[in-house]
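My request is simple: use the sequences and hints to build the entire structure.
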Amino acid sequence: MQTTFPSLSDIQAAHDRIQPFIHRTPILSSSAINEIAGCEIFFKCENFQKVGAFKARGAANAVMKLSKSQKAKGVATHSSGNHAAALARAARVAGIPAYIVMPSNAPEIKKKAVKGYGGEIIECEPNLKARETTLESVVEKTGATFIPPYDFMDVIEGQATCALELIEDQADLDIILAPVGGGGLLGGTALTTHYLNSNIEVIAAEPQGADDAFQSFHAGKIIPQTGPNTIADGLLTSLGVLNYELIKEYISDILLATDPQIIEAMRLIYERMKIVIEPSCAVPLAALLANQDRFRGKKVGIILSGGNVDLGKLPF
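Each residue of the sequence shown is one higher than the one before, counting from 1 in full-length UniProt numbering.
There may be inaccurate statements among the hints.
Here are the simulated lysine to aspartate or glutamate pairs, EDC-like style, with alpha carbons at most 16 Å apart [to be verified]:
id, residue 1, residue 2
1, LYS111, ASP310
2, LYS112, ASP310
3, LYS221, GLU201
4, LYS298, GLU120
5, LYS298, ASP174
Quick caveat, the hints were computed from the structure, so don't treat them as lab data.
Structural data, given as structure tokens:
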């Protein structure tokens, strides 16, 4: 597949473009966690990002790159989670409509966020076919531009700005760990790291109960997600085609974590760092702790992807 991915100057331009929409999130560390892990970890805290997740970056970049006539008709997507809120917020900042197709069983906290940002929610049955057909009818009716959550160049370019900040602020990393669901964050991270310092190893982390990226990586072809079952609800989706190309090219490995390991890592961050993260966000630390020998004595950047968790349903 011949695809032209964003250049470093494209990613830097995206970073400049989205400044009105995002925070430059801090990097935190914990000596207690470092001692447990046997390495030095630098957490890039996208749980402090606008809308509580890295998704704010890609959505903002995609919205800002629309033409004037496209903006007039607004944007649309289907999402049960953070992309829904991110797109609704980016649209509100840009002063344009946002139509968000959400499955009826989407978390209430995420529906509230979309409504709070002025997005119009169109509910559908909780399956991919229903999401896609409902979205098609919304786009046909409104003329809105579909902004996919991860398998879309402008979104990948926006997500790539996260690693840009991480490497600028902590240049001496040996490894960067990022979670993988659809792969927008991971693909963008891999691309930026390749451009800025190809000596930094990029490793993905994935729940064992939703391991399609792991299977695809080792099979050398995309193996779609079927029947995912994990507490990491943000990582249930199938790996995107564009992101698979980036992963194949620039990722050195994908490590798995079980749900008990994810919950333990999540709890560790709550207890030792006093910050709120969602289960998907704990997957990289869980994978690191399950493979400690691989990281011993290294300087490891971990992207904490988001903090949108239903506090009434914490797993501890």
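Structure versus earlier hints - violations, ascending order:
3, 4
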